[in-house]
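Spelled out from the first residue to the last, the chains are:
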Amino acid sequence: MSDQLIAETVEIKGFAGDDIEAYFARPTGPEKYGSVVVIHHMPGYDEATKEITRKFAYHGYQAICPNLYSREAPGASSDDAAAAVRARGGVPDERLVGDVRGAADYLLAQSASNSKVGVIGYCSGGRQTFLSACSLDIDAAVVCYGAFIVKEPPPELPSSAKSIIHLAPNASCPILGLFGADDKYPGVDEVAQLDAELTKHSKEHEFHIYEGAGHAFFAVDRPSYRPEAAKDGWEKIWAFFGAHLAG
Amino acid sequence: MCTYATEHVEITGSGKGANGWFRVSEASVYFDHPANAPLEHSLNIDFLQPELGASARVAVELDAASAGRLARAILSTLARVPDGLSGS
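Protein sequences appear in the order of chains A and B. Residue 153 in numbering that gives the first Met the number 0 sits at position 154 of the first sequence; the count goes up by one each step and never skips. Residue 24 in numbering that gives the first Met the number 0 sits at position 25 of the second sequence; the count goes up by one each step and never skips.
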């Protein structure tokens, strides 16, 4: 496999046909490639998420990260955009699904696409990945520490995010879940409930809970980074996407 | 915590951002993951002028103890303001 890749900012059609910004990275070899939509975390369409997007291209996937905050803050820096979206209560679920659909369609339309597409998301993007898996026809989904899938946010933490566990019967693809044992959002009880719900509906899934890790253990630029959990998590991701998206 | 739990406060004054001074009309206060501070969580304050767009923002991210000291300092400073000056 070649490690050559191209990464660039593109414009794609999102929810309601809106033009939104996205970061697109792809290998430059002659093969057909599986595709991955990367859903950024709540702090936004930032340098760390673009680095993750390039990592998928390095590993032989076409990857795209839509800027979910394009509408609220066109041209603003990622942290200013995240602050603006926070002040307005977050991204509506319906719009998120439309944006992910647009990103997946963009990847599938590439001549190098092998017609398979997965989704991965971190933090709030973890919940949005589960939402995407239950709303769109995709081939694989990786949920990284997504909270508020099972439980509503507690009253002292009002959030626009609502429980979506009732969507589990609609899951269209296998789901890999990666969580930290020390995380409170989601806590291990919430992870266990999600695990049980997917089992109840005979939905293929594989969950891993890492001891000594909390929320955002993949984030290399934050104190929450846990190298051992992250390294093993990446290996799980390559095996999972390799089984469901490659070839 | 990854929530949108945010206190919004109407304010009157000015802040200095990347492009100089501008009037601020709103502050957002929340406790969540910081964008820059080397903390897992921080007390974040954004001084904003939404009419000027998302970039019209003065941001600070403080650890919880610092935020508490700042809040107490603001209140104690205001308590010492002589009568008749606070409305000016």
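Calculated from the structure, these hints are not laboratory results. Values in this document were obtained by computation on a predicted structure and should not be read as measured data. Every residue gets a Cβ at the ideal spot worked out from N, C-alpha and C, and that includes glycine. It cannot be assumed that every hint is accurate.
[What the hints assert, rightly or not] Label-pair ranges, simulated between beta-carbon atoms:
(1) B:74 <-> A:107: 52 to 62 Å
(2) B:72 <-> A:180: 35 to 45 Å
(3) B:11 <-> A:17: 33 to 43 Å
(4) A:73 <-> B:72: 29 to 39 Å
(5) A:1 <-> B:17: 51 to 61 Å
(6) B:7 <-> A:109: 52 to 62 Å
[What the hints assert, rightly or not] Partial pick of chain A residues on the chain B-facing surface, computed with a CB cut under 7 Å:
(7) 3
(8) 46
(9) 78
(10) 80
(11) 82
(12) 83
(13) 85
(14) 86
(15) 222
(16) 226
(17) 229
For each hint given before, does the structure comply? Return the numbers of the non-compliant ones in rising order. Hints 5, 6, 7, 8, 16, 17 not satisfied by this model.
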